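Got chain X sorted already, so can you dock chain B onto it with the hints?
Number of protein chains: 2
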Amino acid sequence: MDTVLRSRSKTVTIGAEQPFCIIGERINPTGRQTFAEELREGNLETVTQDALGQVQAGADMLDVNAGIPLVDEPELLKSMLRTAQEAVDVPICIDSSVVEALEAGLSIYEGRALVNSVTAEDERLEQILPLVARHDAAVIGLANDETGIPETPEKRLECAQRIVTAAQEHGIAASDVIIDPLAMTVGADTEAVTTALRTISLIRDELGVNMCLGASNVSFGLPQRHVLNAAFLPMAMAAGLTSAIMSTAEVCVASVRASDLLLGHDPWGANWIAAHRARQAAAKEPAATA
Amino acid sequence: MDTVLRSRSKTVTIGAEQPFCIIGERINPTGRQTFAEELREGNLETVTQDALGQVQAGADMLDVNAGIPLVDEPELLKSMLRTAQEAVDVPICIDSSVVEALEAGLSIYEGRALVNSVTAEDERLEQILPLVARHDAAVIGLANDETGIPETPEKRLECAQRIVTAAQEHGIAASDVIIDPLAMTVGADTEAVTTALRTISLIRDELGVNMCLGASNVSFGLPQRHVLNAAFLPMAMAAGLTSAIMSTAEVCVASVRASDLLLGHDPWGANWIAAHRARQAAAKEPAATA
Numbered sequence: 000m001d002t003v004l005r006s007r008s009k010t011v012t013i014g015a016e017q018p019f020c021i022i023g024e025r026i027n028p029t030g031r032q033t034f035a036e037e038l039r040e041g042n043l044e045t046v047t048q049d050a051l052g053q054v055q056a057g058a059d060m061l062d063v064n065a066g067i068p069l070v071d072e073p074e075l076l077k078s079m080l081r082t083a084q085e086a087v088d089v090p091i092c093i094d095s096s097v098v099e100a101l102e103a104g105l106s107i108y109e110g111r112a113l114v115n116s117v118t119a120e121d122e123r124l125e126q127i128l129p130l131v132a133r134h135d136a137a138v139i140g141l142a143n144d145e146t147g148i149p150e151t152p153e154k155r156l157e158c159a160q161r162i163v164t165a166a167q168e169h170g171i172a173a174s175d176v177i178i179d180p181l182a183m184t185v186g187a188d189t190e191a192v193t194t195a196l197r198t199i200s201l202i203r204d205e206l207g208v209n210m211c212l213g214a215s216n217v218s219f220g221l222p223q224r225h226v227l228n229a230a231f232l233p234m235a236m237a238a239g240l241t242s243a244i245m246s247t248a249e250v251c252v253a254s255v256r257a258s259d260l261l262l263g264h265d266p267w268g269a270n271w272i273a274a275h276r277a278r279q280a281a282a283k284e285p286a287a288t289a
Numbered sequence: 000m001d002t003v004l005r006s007r008s009k010t011v012t013i014g015a016e017q018p019f020c021i022i023g024e025r026i027n028p029t030g031r032q033t034f035a036e037e038l039r040e041g042n043l044e045t046v047t048q049d050a051l052g053q054v055q056a057g058a059d060m061l062d063v064n065a066g067i068p069l070v071d072e073p074e075l076l077k078s079m080l081r082t083a084q085e086a087v088d089v090p091i092c093i094d095s096s097v098v099e100a101l102e103a104g105l106s107i108y109e110g111r112a113l114v115n116s117v118t119a120e121d122e123r124l125e126q127i128l129p130l131v132a133r134h135d136a137a138v139i140g141l142a143n144d145e146t147g148i149p150e151t152p153e154k155r156l157e158c159a160q161r162i163v164t165a166a167q168e169h170g171i172a173a174s175d176v177i178i179d180p181l182a183m184t185v186g187a188d189t190e191a192v193t194t195a196l197r198t199i200s201l202i203r204d205e206l207g208v209n210m211c212l213g214a215s216n217v218s219f220g221l222p223q224r225h226v227l228n229a230a231f232l233p234m235a236m237a238a239g240l241t242s243a244i245m246s247t248a249e250v251c252v253a254s255v256r257a258s259d260l261l262l263g264h265d266p267w268g269a270n271w272i273a274a275h276r277a278r279q280a281a282a283k284e285p286a287a288t289a
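Taken in order, these protein sequences are the chains called X and B.
For the first sequence, the residue numbers in numbering that gives the first Met the number 0 are 0 to 289.
For the second sequence, the residue numbers in numbering that gives the first Met the number 0 are 0 to 289.
The set of hints was computed from the structure by calculation and includes no laboratory data.
Only a predicted model underlies this, so the values are computations on that prediction, with no experimental measurement involved.
For each residue, glycine too, the CB sits at the ideal point set by N, CA and C.
Be aware that a few hints might be false.
Said to hold, decoys possible - FRET-style restraints, in silico, Cβ to Cβ:
# : chain 1 : residue 1 : chain 2 : residue 2 : range
1 : X       : MET0      : B       : GLU205    : 26 to 36 Å
2 : B       : VAL70     : X       : THR10     : 56 to 66 Å
3 : X       : GLU190    : B       : ALA56     : 39 to 49 Å
4 : B       : GLN167    : X       : PRO266    : 27 to 37 Å
To be verified - Taking beta-carbon pairs under 8 Å as the criterion, some of the chain X residues facing chain B (in silico):
# : residue
5 : THR189
6 : THR193
7 : PRO222
8 : ALA253
Only chain X is shown next, with the shape it has when bound in the complex:
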């Protein structure tokens, strides 16, 4: 089941037989105080830098979030999306918990966006799915409901199923619903990762839809987070995860591309070998021009 997303001129396909879709996590002021201050002052330079930097580092898509307390989030999100779209030509994941912000973002987005996110809560489903349908977008559905985040994979599957069904009632195909199986922090719950992995396999086997999660959550509060994230991603990919909102640190991107090869999504290592040669050529360049 493939999910097709578009920027102005580029198409990205997320699917179980495709290379993994890396969605850059950086353009988000949560936990980035300096960036939040800049955004409050209307300074969007970091948006441009982070858009360019993440695509350069290997991002297939970018997440854009404008969640700062007490700002006009719809307006800020529009400015950030315009800036990101000017800087790079990759599809964008429009990320907000505010319905009006999602609507504002969709109104100026050029292409086919991914809306981040809806939950299995009735009210959220009724607010967000009509928007997604009207703009012919795809949507991330978090596997939680009014009662919070279910502890068991089976309950998370029920939430996912409810979202897929509600989407279909709004004319949105199951292939345009990407479920977030929810990866919590292993520093707070030693079973957080094993629960996430079992949820991923279960959703793959029962629903067959695409999945996306915030991969950096698992390592919150621990040292050497990139190394932990880089180990988590191969596990999640082997279980059936097809995309992640994640760091584009070199160790994380390399881990994903290595896993693509290992899992047969980069036949005979064509992409892996091409990337290796490009790096070798780039490393030689300064000497050649000197």
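Okay, now just chain B, sitting in the frame of chain X:
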């Protein structure tokens, strides 16, 4: 089910609830021409260096192999084992396809060794299992038989089952049989890794025994092998692999220890955080003594 191995004074326990057991792969002349030449000349310096280096890098055990064409393999293996045992105090995996070499190695090994390996071939089982039983050792059983390496996980499980049964008939407990599910080269077969992963889950679910494989095989012939191996290990660990004969390159060891944490085998990251602090302290040391 725990497998307990011992050196002169150290005990290593391999098990599904234990941190992963890293068995250093370096002390093996296969594909190392200079090392092979040194060994032919009776120069064992590299054995000492590789023993120290791998344990320093994080190896819990060492594999020792003396397989050079036309040498007296039993004698050479004894010398290498003596040298390795003098250099470091970790349990050793005595690695040979020659029964007399395994016997010679076991005769001078101090502790409880791991014998590498037997297959599901009747003749090999009859030759090697009595040796293992007599020396109260544990044994690695390769999941292949007279017909070669089975393509399907189900056939590999049958081989594994046959080895466990034969071992029990020789008085060797299932907990002292470590099955090698066989990881082949992904550069030669795009399904090599997915087949290995399904075999690992199946053997975990059906037999519950410990498993060990040569993790570097998967990346043979490809660039950036350590990065590929470092991505393969988390997948294999999540599927149920409990040990590997592997490179102790930093990226590989870090990937294993990160996976231990993620899979709940390093509760609250105690080992991970301690290793991080030790690295920080080591990095500061030259400055402090300057």
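Structure-based check of all given hints:
Checking the proposed 26 to 36 Å range against MET0 (chain X) and GLU205 (chain B) shows it holds: the Cβ atoms sit about 31 Å from each other. For the pair VAL70 (chain B) and THR10 (chain X), the beta carbons lie near 59 Å from each other, so the given range of 56 to 66 Å is met. Distance hint for GLU190 (chain X) and ALA56 (chain B): a CB-CB separation of about 30 Å, inconsistent with the stated range 39 to 49 Å. Look at GLN167 (chain B) against PRO266 (chain X): about 42 Å separates their beta carbons, and that is not inside 27 to 37 Å.
Given the 8 Å rule on beta carbons, the hint for THR189 (chain X) holds: about 4 Å separates it from the nearest Cβ of chain B. Here the hint on THR193 (chain X) is kept, as its CB sits about 6 Å from the closest CB of chain B, short of 8 Å. Using the Cβ-Cβ criterion of 8 Å, the hint placing PRO222 (chain X) at the interface with chain B is satisfied: the shortest such distance is roughly 4 Å. For ALA253 (chain X), the interface hint holds, the least distance from its beta-carbon to any beta-carbon of chain B being 5 Å, beneath 8 Å.
In summary, the structure is inconsistent with hints 3 and 4 from the numbered list given earlier, while agreeing with the others.
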